Each structure stands twice: as C-alpha cells, then as structure tokens.
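Chains A and B are the protein sequences, given in the same order.
So for the first sequence, the working numbering puts the first residue at 1; every next one is plus one.
So for the second sequence, the working numbering puts the first residue at 1; every next one is plus one.
There is no bait here: all hints are sound.
Just so you have them, the derived chain A footprint on chain B, three or more residues with Cβ under 8 Å:
(1) 35-46
(2) 328-341
Derived PhoX-like pairs: lysine-lysine, alpha-carbon spacing no greater than 25 Å straight-line:
(3) Lys-52(A) x Lys-332(B)
(4) Lys-178(B) x Lys-327(B)
(5) Lys-45(B) x Lys-327(B)
(6) Lys-332(B) x Lys-56(A)
Which residues of chain A face chain B? A partial, calculated answer using Cβ under 8 Å:
(7) Lys-56
(8) Ile-60
(9) Ala-70
Bear in mind the hints are in silico, worked out from the structure with no lab data behind them.
Fair warning: this is a prediction, and the values are worked out from it, not measured in the lab.
Glycine included, each C-beta is placed from N, C-alpha and C at the ideal position.
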Amino acid sequence: MRGDTAESPTAPAAEQSRANWAEDAVAEHAGAEHLTREELVLERIERARRRKARVKEPRITMSHGAGGKASRTLTEAIFLDAFSNPVLEELEDAASLTVGGAQLAFSTDSFVVSPLFFPGGNIGDLAINGTVNDLAMTGARPLFLSAGFILEEGFPVEDLRRIVASMAAAAAAAGVTVVTGDTKVVQRGKGDGCYINTAGVGVLEREVSLRASGVRPGDAVLVSGPIGEHGVTILLARGELDIEADLDSDTAPLNELAAVLLDAVPGVRMMRDATRGGVATILNEIAVAAQVSVVVDESAVPMLPVVTGACELLGIDPLYVACEGRFVTVVDSEQAEAALAALRGHPLGAGAAIIGRIKDDPPGLVLLKTSFGGTRIVDLLVGDPLPRIC
Amino acid sequence: MRFVDEFRDADKALALSAKISELCEPGRHYKFMEVCGGHTHTIYKHGLEDYLPDSVQLVHGPGCPVCVIPMGRVDDAIAIAEEPDVIMTSFGDMMRVPGGRGSFFDSNAAGADIRMVYSPLDALKIAQANPAKRVVFMAIGFETTAPSTAMTVLRAEAMGLENFSLFCNHVTIIPAIKAILDSPDLRLDGFVGPGHVSTVIGCRPYEFIARDHGKPLVCAGFEPLDILQSVYMLMLQLHEGRSEVENQYSRVVPWDGNPKALEVIARTMQLRPYFEWRGLGFISHSALQMRPEYARFDAERIFDVPGVRVADPKACQCGEVLKGVLKPWECKVFGTACTPETPIGTCMVSSEGACAAYYNFGRFSRERVKSATRTVDIELSPAPS
Numbered sequence: 001m002r003g004d005t006a007e008s009p010t011a012p013a014a015e016q017s018r019a020n021w022a023e024d025a026v027a028e029h030a031g032a033e034h035l036t037r038e039e040l041v042l043e044r045i046e047r048a049r050r051r052k053a054r055v056k057e058p059r060i061t062m063s064h065g066a067g068g069k070a071s072r073t074l075t076e077a078i079f080l081d082a083f084s085n086p087v088l089e090e091l092e093d094a095a096s097l098t099v100g101g102a103q104l105a106f107s108t109d110s111f112v113v114s115p116l117f118f119p120g121g122n123i124g125d126l127a128i129n130g131t132v133n134d135l136a137m138t139g140a141r142p143l144f145l146s147a148g149f150i151l152e153e154g155f156p157v158e159d160l161r162r163i164v165a166s167m168a169a170a171a172a173a174a175g176v177t178v179v180t181g182d183t184k185v186v187q188r189g190k191g192d193g194c195y196i197n198t199a200g201v202g203v204l205e206r207e208v209s210l211r212a213s214g215v216r217p218g219d220a221v222l223v224s225g226p227i228g229e230h231g232v233t234i235l236l237a238r239g240e241l242d243i244e245a246d247l248d249s250d251t252a253p254l255n256e257l258a259a260v261l262l263d264a265v266p267g268v269r270m271m272r273d274a275t276r277g278g279v280a281t282i283l284n285e286i287a288v289a290a291q292v293s294v295v296v297d298e299s300a301v302p303m304l305p306v307v308t309g310a311c312e313l314l315g316i317d318p319l320y321v322a323c324e325g326r327f328v329t330v331v332d333s334e335q336a337e338a339a340l341a342a343l344r345g346h347p348l349g350a351g352a353a354i355i356g357r358i359k360d361d362p363p364g365l366v367l368l369k370t371s372f373g374g375t376r377i378v379d380l381l382v383g384d385p386l387p388r389i390c
Numbered sequence: 001m002r003f004v005d006e007f008r009d010a011d012k013a014l015a016l017s018a019k020i021s022e023l024c025e026p027g028r029h030y031k032f033m034e035v036c037g038g039h040t041h042t043i044y045k046h047g048l049e050d051y052l053p054d055s056v057q058l059v060h061g062p063g064c065p066v067c068v069i070p071m072g073r074v075d076d077a078i079a080i081a082e083e084p085d086v087i088m089t090s091f092g093d094m095m096r097v098p099g100g101r102g103s104f105f106d107s108n109a110a111g112a113d114i115r116m117v118y119s120p121l122d123a124l125k126i127a128q129a130n131p132a133k134r135v136v137f138m139a140i141g142f143e144t145t146a147p148s149t150a151m152t153v154l155r156a157e158a159m160g161l162e163n164f165s166l167f168c169n170h171v172t173i174i175p176a177i178k179a180i181l182d183s184p185d186l187r188l189d190g191f192v193g194p195g196h197v198s199t200v201i202g203c204r205p206y207e208f209i210a211r212d213h214g215k216p217l218v219c220a221g222f223e224p225l226d227i228l229q230s231v232y233m234l235m236l237q238l239h240e241g242r243s244e245v246e247n248q249y250s251r252v253v254p255w256d257g258n259p260k261a262l263e264v265i266a267r268t269m270q271l272r273p274y275f276e277w278r279g280l281g282f283i284s285h286s287a288l289q290m291r292p293e294y295a296r297f298d299a300e301r302i303f304d305v306p307g308v309r310v311a312d313p314k315a316c317q318c319g320e321v322l323k324g325v326l327k328p329w330e331c332k333v334f335g336t337a338c339t340p341e342t343p344i345g346t347c348m349v350s351s352e353g354a355c356a357a358y359y360n361f362g363r364f365s366r367e368r369v370k371s372a373t374r375t376v377d378i379e380l381s382p383a384p385s
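Let's have the full structure, built from the sequences with the hints guiding it.
Here it is, written out as structure tokens:
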C-alpha cells in the first residue's frame, strides 16, 4: 500500500538537516544488525540505551526539565561532561565533601512552581524543604541554607512577604538557618512572578554510606507515606481542569524522619525523596545504579483515594507524580519490619509501607506486579505531563 | 476505588483465564486483533497477557488516533502554527508526533505558540481570552472524539467567535477495519471491537465483519476484565462455530449507537473522498472534513496549508505494526533508532501506540519477569489505619 510517494519539494539547505532527521537517526544505529528473536532484540535495546548520552534536540524543550529520560540525558551530556569530577559523578541528591576533617553534604535546588500558592504550602516552604530534604537523604544534618530570588517587575510585595514568612517558618521547623542570599529583578514579562533557588550545607555525623548503588538483592523497598499528593494538588490548583478535590500538598521537611529511621535501622542502604518524576523515577535510578531489578507490588503502594481518582481521570500514572515530603528507602530485608515501625512511629511516616523487593534479574529494570495480577515494567518517564511542579 | 476496582479483580481474572484455557483446542492457535489503541494500552499496563494461554495471541490494530496521522498532516499543522498571531492547540499526545520536519514540541521551542488542552472547549476559552490571536484546534480521533469537535464548532458559532478554527483530521473506523480484512498478510480469528467508537456508532456497522468475512467481533470495554471477558466470548463463539457481533460493553455501548452524536457530526462534517493513513496509505471515504457551511471554522480553508505528502522514513514499519503483521519488537528500528524519546514512527509516540506500550510496559522477556515476580512474594505489611 505504500510507495508511489510524492517527495516533499527541495528544502532550503538550512532545513535540510531537519528534514533528514529520521535517516540520520537510523544511520546512527546502522551497526546494529536486525535480530529476530525477542531476547536478542531486548539486548540490542539495552546496548542502545547504554550509549553515551547525547542531546539531539537543537533547543531546550519542556521534557529536559521533567526529571525523566531527557533530563538525564541533558545532565550527563552537558553538565557532567563539562564539570566531570568524582563527587558530581555519583549523581546523588547532595554532594558528600570532606573539608578540614569535617564530612559535609552540599546541595542546591531551584523552584519555579506554578501557581506560587497552593493548598498545603507555597513556593517558599517548598524551596526550604526541597534543599533540606536533599541534604537529609544523604544522612546529613542540614544546617545552613542560602536563598536566591529572581523577581519579576510588578510582583506584589505582599506576596513576597507571605512567601518569605513561610520560608522562615519552614526553616525554623527544619532547624536550619538561612545565612546568605541574593535578589535579582527582571523586566515584566521576562519571569513569572517569583523564582527561588536555595542551596544548603549539612554535616554528616553518622558512619553511613547511603547510595543507590549500595542496594543488594533481597533488600526491601519502602515509601515513607502515600504518594502523588503534591503533584495532583498543583495540577488541580491551576484550575484548568474543573476538578475539585480536598487535597493538600505533602510538602514537609524530612530530616527528622530520616534521622529516626537511621537511628533505628543500621541496615538502611539508601534514601531518596520522590520529587520530580515520582517514585517510579527513583526506583529506576536504583535499578540502574546497582544493576538490580526492583519488583514492586502495585497494590502495596499507599495512595489516597482522591489521588488515585484524579490520576485515573487524567490518565496519569501516580507512580510518576511528584511528592515533596515523601521518600523511598531501601533497607536490609531482615530490618524491613523495624524500618516500617520506625517510620510509622513519626507523624510524617504514619502512612509508610513496604512496596517491593530488590532482585538480581533482570538487571536495570523496575517490574510492577499489577493489582490486576499481571506484570509489566515501569520505565523512565518520557515527555512532561506536569511541567513546573516544583 | 468504586467503578474501577470491580473491573480489575485478580480472582475473577483467574477464573476467566481458566475458562479461556478450557476452550483452547489442542494444536490450534488463536489470533485476535484489538482494534483500539486504548485496549492495547490496557493490555500492557495491567500485564493482561499473563492471563492468556500461549496459544492465544492478541495483535494490535490501527485504532490509535495519533498513530494514523501521516507526517504530511503534522507538517501542515506546524505550518499553520507558524503563521503570524496563531495559537495552535492540541491534545498532549500529539505534541511529540514527528512530521517531516520535527514535532509540535520542536516548533514550540523554536517560537511557535502551541498549547496542550484536555478538551476542544479549552481551545474555545483560549480563543475568547485572546481576541487578537487566531486560535486553531488540531482535531484528531475516530468517531469517539468527532462529536466533541462538532459540538465545539456549534458552540463557537453560537458564541459568534471569529478567531477560532479547526484543523480537522478525524478518521472513521470501518474503512480501516476493511483495509485490515482485505490485507493478504494477516490471518485473524476475530476482533476485540473498539468500545469507545461504538458508543457513538453502535454495534450494527460491524455486522458485515461477522456475516461476510466470518470473523466474530466482540465490542469490549477498557478495563482489563472487560478485555479478558471479550476474549472469552470470542473463544466461545469459535468453539460453538458461531460468527456474530456481540456487545460485552453493554453498560456503555447501545446497539444502535448515539443518534444525537451522529447527528452533530453529520451536521458539521462530511466524508472526504480519500485520506492518507500513516502506514496504510490512502483509504477512500475514511476521514471527515468540515462541511462548506462551516468553512469559516475550517483551518484548511483559512490558512495556506502546504498539503505536501511526506513519505514515511524508509526504515519505519509502522504500517506493518498498525496492521498487526509485525509485533512491535520485530520492526527494524524498534528500541534503537526509534524510542519514545526520539520516535521515528507514530506508533512509538502515543500512549495508545503499540510500540510505545510495548517499549514502556512490556519490554522484557516474559519468562525472566515471571520468575522475578513469582519467586519472591512480597510480604505485605498491613496497611496503616
């Protein structure tokens, strides 16, 4: 049925490379012979995925900020390539540094959430909690934060006051001090009200090495509470969907909960807060970093009915929806129950649950046992269903 | 969750699975096509194939609205979007579909104003809010979405909006099924019929499939148990030597369809003499365009649309995948040059596309996965109260 095609008219030279994108993509993979057996095809895909990351797009698209595959490619191909060093290459939420005998954790995070105010919080407490959590996930005690503001001409001072008041309250709650800062103002139309960057330093006082590559087959996977509340709250707060629900963002500082867990359980392998890209993204990072498979039981993943319902309506998989006050942790299987009890003993961990296990095969993949009783993989997210979530 | 959990009950699935296995005749292989991409998505998302015996195979059909849009139409839409003062609106699925020169996403990054909407009525709101702009809605889909597009035009007319138009790419399902039936490459035992299309057109239009082609068809719902039950109903028909159109999705699909929806489509749209389908080529009377009375809402008449046919990339085998001749992974570029992040073919773009569903949800050897999920049963802790 194909064939007899009228080719498009000759494009100008500048357009030519754009027009040849498909042929170029195929040529790049020309070495790969076509294999017919399914298993061999799967291996071939894994080889293609292990190739050096390269940003193919000529311009930044929204998916570069979505926390999924494109974000990872951008990080590896642009930033890691230029800044290459052993600390950065760990790609953990915070860098671990030794300075004058002290073990420090150092991290930074920027916030562009829209809308600025939403049920359960605003960009201010989000900006404090985000960096506090990045530090806490390495096992560090967060101490000092910086705050940088990019404000748009015309932005109401009253709104700024509210944001900063929330930041002060969040900092007090987390036991950190904002010790330095910066303000820039851009012309009207060149920003969207208020963007915030925070950076933070914490001290590592524990003899723990928490990293995704440290998980082992047999370990248990836990989440510290019901997932997806922040993402769904933001989506509904935009008011574009005509859906109303009684739901608040889960934004919260996790340093205390993390400390409770580490105190109770020596066998904690890693912790990571499930922000952009959600729990699924963290699980994929674990599978790849440790070359293990992560097997998750869908029916064990805690979720509020309102989140399930909203995701069902919108066709979004809640496993990819951002949280701002939940983390994923992997612990020695012997200590799984102790970890669960420790988490549930703290108000922020009351909804914690064991959601899965680490296995050895197939390496690098996250597998989901669906509530329906089937199995499927859970891949890294492509594209961006919810831009500007934090 | 009510109205969802009931249709995802693992015990009921096991019972149906056993009944399907009982109906399998030794040595016989069964091949059913699920016409609709929504079904393909459900099958992979819930791991439904785990419940089917090896001798029962599901092949994926052409019913994915995004997958069948040819590259030339994407280029046309981008050409419209790049006209001065235009805001193009589209469903999210469309954003990454590659044309001959990139996708909506690329065009957006290069300066066009292309916005994602959840409903064509959202496009109307954008038109109202931006009277100085010309707002175009990229209308895609089968008979399922055509009524909402038609209603949008009627609403725009009633509101007297002058800055709103549609780029109409609606297609119709029956000609596509005919093309599949006439294709010599494929031997099917029956069809899992498209549920949502049938809410509009009903079950009657499929009768020729059972009568003239001797293939049973069961209109199916979109929850995993719906599909499993439909497969059972197809197996039962074959077992009893029947070839009929049956309605599994009777809680939603009326036998005669939705006359009101059909009426608004007929009032605003008419059949095109022919339309190009990605991978399937030109099919007569297979798509809809705006009626001349509604020309002022027809972007194809308002804008200078190039209308150039762009050949599919040579390596792309979307056509074979859409016809069910190839399994997604059998395509030469599957997973290497063509991935969800850099798709070459449309089947890799939409969440309803067979390749994307297979890549995202099913890309592994079933045996290894089964052993991974079978051997360690996760000890569940009681849910917190």
